[in-house]
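Fit chain D to the known structure of chain P by using the hints.
Number of protein chains: 2
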Amino acid sequence: MASTMALEIIPLGGLGEIGMNLMVYGYGDKLLVVDCGLAFPNPDTPGVDLIIPDTQFLAENRDRIVGFVMTHGHEDHIGALPYIWPDLEGPIYGTAMTLGLLKGKFREHNLLNRVTMVQVNYRQAFQLGPFSIRYIQVTHSIVDSAALAITTPLGTILHTGDFKIDHTPVGGRPTDLHSLAHLGEEGVLALLSDSTNINRPGVTTSEQAITPVFETVFARARGLLLVATFSSNIERIQQIIRAAVVVGRKVVLNGRSMLANVAVARALGFLIIPPDTLVELRDMGRYPREGLLIISTGSQGEPNSSLVRIAAGDHREIVVQEGDMVVFSSKFIPGNERTIWSLINQFVRDGLEVIHEKNMPEIHVSGHAPQEDLKLMLALTKPKFFIPIHGEMRHLRSHCQLAVQMGVAPANGLVMENGDRALLEADALKIVGSVPHGRVFVDGKGVGDVGDIVLRDRLHLSEDGLVVVVLVVDKGSNQILQRPELLTRGVVYEDGSQGLLAEAKDAVENALALGPKALDFSDEEGAGPREIAQRALRRFFKKRLGRRPAVIPLVMEM
Amino acid sequence: MASTMALEIIPLGGLGEIGMNLMVYGYGDKLLVVDCGLAFPNPDTPGVDLIIPDTQFLAENRDRIVGFVMTHGHEDHIGALPYIWPDLEGPIYGTAMTLGLLKGKFREHNLLNRVTMVQVNYRQAFQLGPFSIRYIQVTHSIVDSAALAITTPLGTILHTGDFKIDHTPVGGRPTDLHSLAHLGEEGVLALLSDSTNINRPGVTTSEQAITPVFETVFARARGLLLVATFSSNIERIQQIIRAAVVVGRKVVLNGRSMLANVAVARALGFLIIPPDTLVELRDMGRYPREGLLIISTGSQGEPNSSLVRIAAGDHREIVVQEGDMVVFSSKFIPGNERTIWSLINQFVRDGLEVIHEKNMPEIHVSGHAPQEDLKLMLALTKPKFFIPIHGEMRHLRSHCQLAVQMGVAPANGLVMENGDRALLEADALKIVGSVPHGRVFVDGKGVGDVGDIVLRDRLHLSEDGLVVVVLVVDKGSNQILQRPELLTRGVVYEDGSQGLLAEAKDAVENALALGPKALDFSDEEGAGPREIAQRALRRFFKKRLGRRPAVIPLVMEM
Numbered sequence: 025m026a027s028t029m030a031l032e033i034i035p036l037g038g039l040g041e042i043g044m045n046l047m048v049y050g051y052g053d054k055l056l057v058v059d060c061g062l063a064f065p066n067p068d069t070p071g072v073d074l075i076i077p078d079t080q081f082l083a084e085n086r087d088r089i090v091g092f093v094m095t096h097g098h099e100d101h102i103g104a105l106p107y108i109w110p111d112l113e114g115p116i117y118g119t120a121m122t123l124g125l126l127k128g129k130f131r132e133h134n135l136l137n138r139v140t141m142v143q144v145n146y147r148q149a150f151q152l153g154p155f156s157i158r159y160i161q162v163t164h165s166i167v168d169s170a171a172l173a174i175t176t177p178l179g180t181i182l183h184t185g186d187f188k189i190d191h192t193p194v195g196g197r198p199t200d201l202h203s204l205a206h207l208g209e210e211g212v213l214a215l216l217s218d219s220t221n222i223n224r225p226g227v228t229t230s231e232q233a234i235t236p237v238f239e240t241v242f243a244r245a246r247g248l249l250l251v252a253t254f255s256s257n258i259e260r261i262q263q264i265i266r267a268a269v270v271v272g273r274k275v276v277l278n279g280r281s282m283l284a285n286v287a288v289a290r291a292l293g294f295l296i297i298p299p300d301t302l303v304e305l306r307d308m309g310r311y312p313r314e315g316l317l318i319i320s321t322g323s324q325g326e327p328n329s330s331l332v333r334i335a336a337g338d339h340r341e342i343v344v345q346e347g348d349m350v351v352f353s354s355k356f357i358p359g360n361e362r363t364i365w366s367l368i369n370q371f372v373r374d375g376l377e378v379i380h381e382k383n384m385p386e387i388h389v390s391g392h393a394p395q396e397d398l399k400l401m402l403a404l405t406k407p408k409f410f411i412p413i414h415g416e417m418r419h420l421r422s423h424c425q426l427a428v429q430m431g432v433a434p435a436n437g438l439v440m441e442n443g444d445r446a447l448l449e450a451d452a453l454k455i456v457g458s459v460p461h462g463r464v465f466v467d468g469k470g471v472g473d474v475g476d477i478v479l480r481d482r483l484h485l486s487e488d489g490l491v492v493v494v495l496v497v498d499k500g501s502n503q504i505l506q507r508p509e510l511l512t513r514g515v516v517y518e519d520g521s522q523g524l525l526a527e528a529k530d531a532v533e534n535a536l537a538l539g540p541k542a543l544d545f546s547d548e549e550g551a552g553p554r555e556i557a558q559r560a561l562r563r564f565f566k567k568r569l570g571r572r573p574a575v576i577p578l579v580m581e582m
Numbered sequence: 025m026a027s028t029m030a031l032e033i034i035p036l037g038g039l040g041e042i043g044m045n046l047m048v049y050g051y052g053d054k055l056l057v058v059d060c061g062l063a064f065p066n067p068d069t070p071g072v073d074l075i076i077p078d079t080q081f082l083a084e085n086r087d088r089i090v091g092f093v094m095t096h097g098h099e100d101h102i103g104a105l106p107y108i109w110p111d112l113e114g115p116i117y118g119t120a121m122t123l124g125l126l127k128g129k130f131r132e133h134n135l136l137n138r139v140t141m142v143q144v145n146y147r148q149a150f151q152l153g154p155f156s157i158r159y160i161q162v163t164h165s166i167v168d169s170a171a172l173a174i175t176t177p178l179g180t181i182l183h184t185g186d187f188k189i190d191h192t193p194v195g196g197r198p199t200d201l202h203s204l205a206h207l208g209e210e211g212v213l214a215l216l217s218d219s220t221n222i223n224r225p226g227v228t229t230s231e232q233a234i235t236p237v238f239e240t241v242f243a244r245a246r247g248l249l250l251v252a253t254f255s256s257n258i259e260r261i262q263q264i265i266r267a268a269v270v271v272g273r274k275v276v277l278n279g280r281s282m283l284a285n286v287a288v289a290r291a292l293g294f295l296i297i298p299p300d301t302l303v304e305l306r307d308m309g310r311y312p313r314e315g316l317l318i319i320s321t322g323s324q325g326e327p328n329s330s331l332v333r334i335a336a337g338d339h340r341e342i343v344v345q346e347g348d349m350v351v352f353s354s355k356f357i358p359g360n361e362r363t364i365w366s367l368i369n370q371f372v373r374d375g376l377e378v379i380h381e382k383n384m385p386e387i388h389v390s391g392h393a394p395q396e397d398l399k400l401m402l403a404l405t406k407p408k409f410f411i412p413i414h415g416e417m418r419h420l421r422s423h424c425q426l427a428v429q430m431g432v433a434p435a436n437g438l439v440m441e442n443g444d445r446a447l448l449e450a451d452a453l454k455i456v457g458s459v460p461h462g463r464v465f466v467d468g469k470g471v472g473d474v475g476d477i478v479l480r481d482r483l484h485l486s487e488d489g490l491v492v493v494v495l496v497v498d499k500g501s502n503q504i505l506q507r508p509e510l511l512t513r514g515v516v517y518e519d520g521s522q523g524l525l526a527e528a529k530d531a532v533e534n535a536l537a538l539g540p541k542a543l544d545f546s547d548e549e550g551a552g553p554r555e556i557a558q559r560a561l562r563r564f565f566k567k568r569l570g571r572r573p574a575v576i577p578l579v580m581e582m
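Heads up: the sequence lines are chains P and D, in that order.
Last residue of the first sequence? That's 582 in this note's numbering, and every number before it is there in order.
Last residue of the second sequence? That's 582 in this note's numbering, and every number before it is there in order.
For reference, chain P alone in the conformation it holds in the complex:
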């Protein structure tokens, strides 16, 4: 436990990666949890639905937790909470939009009646144990985002969450520079700041810069017009709807999360849709193609997403044709390039015009602060200590260098990784140890039962396939009673490989007849039919096919 005059800083996710943000602050014997996000699977985690942070450390200290404070409503900041919260419990704090989205999640998990959610007001401090917390409005690609000023007797920490400095946001709620300036004057002991766009020079392009782009592009469309964007980007959706009205198109919302998020945002007043603008998907047929604009999810080319089905001609209501236009008002998220391009190629093949950030960069703006915005944050808050958050290692290192350029003492900038435990005192910040941390895989109904061993098996199966050999042996004599059965998946096409499989069975029978020595087993190894069959098949497939399938012997004793 920390001394009473020190603050513990323990990131459990989001440092060294983009996603899965979870930061723990400790003072005295109390812990405050900031954000609780998920990460999406990648080719190294086949079959996994979601990835959440390992919260063993929190579970072991559940009685110390004073609350969960959420900076904003993106999946990589709140998505893991419904999975993690039942083991920990404790009140959840956030802005109206963030809680609106969280309530939907907790409802789906049947947890809504158990949880306490407290809506916070900007600038109004509230106390959680030793932590006095003020929410400070910031601009980001989701409305109602906040930085957190967290004050303890030691001093004030500013945790930015995700932010950019947009002076003219669509909804008229700019980053609260005045509160940041006040904090800087009062004294910020440590700044923990969003590193995502550290490698991008310049200042933020305002979300409003897209308005004229949309109006020009939409006016050019002649047939059906599809606009794909992130369903959480309410300001973007607002702009699409405004431009649709300008060009005289009705709006259709497509995608489950699009409908859900729009409903929450409208109910809270973050999204204004003029009357007679929305058309239900099922009523599309009543309008001419050139009178409709569809706002859709699926901008990342996610398999089974509605947009992928539209491109493949598998969508029931939405059918595209030559002369239609598709606009991707979204980022090519790193790792998704291949699926996005594949989707775009399909639309292009069918004669559609496709607009995206690679052929028209002004069709999207980022939600994260580039270098000059990051400098402004450092200049306003004048922190004594600095810890970069929300980024891969290369982002964190660069951001730390920037902080030093901006006047943070070199010894006062600290690059941390998930699981590090840092101790912040009035005059020192250093890593003093580590806590359990890692990734937990959600697969179907299972949380955590698919671990690294299961994933390694899946990857091995996908690379090399599997051979199962069944031996029926006499319990007493160990004699083989029947010709071995062989089953393969992912190795060869069985219907076309009967000869090869018969040879493989011969190889097993021969090996069993020759005994362990012939396969280089030593006497000490005491190899039985199971081991002999396995080694014989491994060698057979290596020699004949140059492949290394997983070979699994099953012995049935009769």
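There's no promise every hint is true.
Heads up, the list lumps identical chains together, so a pair's fine if it works in one copy or across two of them.
[Said to hold, decoys possible] Here are the simulated lysine-lysine pairs, DSSO-like style, with alpha carbons at most 27 Å apart: (1) K355 <-> K382; (2) K127 <-> K567; (3) K129 <-> K566; (4) K499 <-> K529; (5) K469 <-> K127; (6) K408 <-> K454; (7) K454 <-> K54; (8) K529 <-> K566; (9) K469 <-> K567; (10) K529 <-> K469; (11) K54 <-> K127.
Simulated from the structure, these hints should not be mistaken for laboratory data.
All values reported here derive from a predicted model rather than from experimental measurement.
Structure of chain D alone, referenced to chain P:
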């Protein structure tokens, strides 16, 4: 068969994709094969080593083939030839460097003593059946690259291969603009042109522009200096070596293909290495770290590549440390971003400075012509007909639009796809049919035995894993003689799931006792123990885990 006054154009690879280039031209009863490249696997083709074009069409017409002409030595243009050639045979034509690389491949495949390879000279026409072929020197990211002017009684086709227009290449061998100009004046019936960089505005940056960049960057390095680049980019390697000499570092070559390609290029005079410059990897220890520059393969973060092992600390000779520098003088090839960033993050984590095209774009130049170069090609050759090649559908469509802007009649521009069969006559170009085409997977020693079904199995296994259930039944009575055996991979961690697996066995036994009706089998389906066990397990895992593993029943009849 085509009429004697028409030319057949049949792409078997490379159209609608980047990679696997193979074009067939037919005149009368003769076929000419231009390039024979491979593609690299992606997450949709797990375990596959290489992908080559399906050449069933060529095999069925092998007696019509007059020869294989190669434009240049990149894998996506020559890499499939050793796999495809044995079934087809016929002489192979190419420039010195291209044949130098091909010979290495044919030697590895034990084919060198069977094959006829003919080295061609630029500008000197040679006749293959009805085709008169002239090689025209072009600049590209591999030396000794060529465009092909293919003349038949119908007229001349210009097949550009991969090219850019670099007026000051490192080796002093610029694109032969004069030959292209002559062709344009004589009359080009059809141009088939490289579309890779159609979406990039402007003109080529010369390869030589990198010289001062290297000198400045290398001069800044204080510790060990690693430079990763493509082993086929001989001009780049030449520049790295020149800059190494300027900054006073000895050069170490690292990676199998780096050593092989450098040997070929030196033997042919394409690469000049001053005496006392090269140091063997095993002798590295004799030199101070700051006196060495390592040129390495692995710039794409390929698993098991030497560079990945260096980053992981698993390389025997090369150990990096804080203060060293890594330079990626290479492209982030689409699809490889994730592995490249992961490699970079590892180096950054260990305190190395890492330079790459995302933080210093001038550290690499592309080998493909951007828009203004493509216009120059169209302007010089003034083709009557135009077919874009070497690109995804979005590239091909854009390039066709550019050709029309440059004066090609809209009806004379044709976007083709793999397997299309187009007929070119003096006044018409149209698609008239299709031929068999597709992808063939090379996996270990097998070529083509891993097909779509095996891949589907591999992907299913990797997503959901596999359950094998073994039933021992009495041959006569169909009675179960033993408790079922269950084996899983990639579903759950077996050691921690014994209870669950016992329940699964119970579910099978119960289902078998209750009979087919209880599982909604109709009488007509005649479900036996195999079908009952399979359906029972599918339902069990769906209900308990929300997962859909492949369930494979194996029935042993005693």
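These are the hints, each one checked on the structure:
no.	hint	result
1	K355 <-> K382	both (9 Å within a copy, 17 Å between copies)
2	K127 <-> K567	between (58 Å within a copy, 26 Å between copies)
3	K129 <-> K566	between (49 Å within a copy, 22 Å between copies)
4	K499 <-> K529	both (21 Å within a copy, 22 Å between copies)
5	K469 <-> K127	within (20 Å within a copy, 55 Å between copies)
6	K408 <-> K454	within (13 Å within a copy, 71 Å between copies)
7	K454 <-> K54	within (20 Å within a copy, 75 Å between copies)
8	K529 <-> K566	within (15 Å within a copy, 34 Å between copies)
9	K469 <-> K567	between (41 Å within a copy, 9 Å between copies)
10	K529 <-> K469	between (39 Å within a copy, 20 Å between copies)
11	K54 <-> K127	within (26 Å within a copy, 70 Å between copies)
No hint from the list above goes unmet by this structure.
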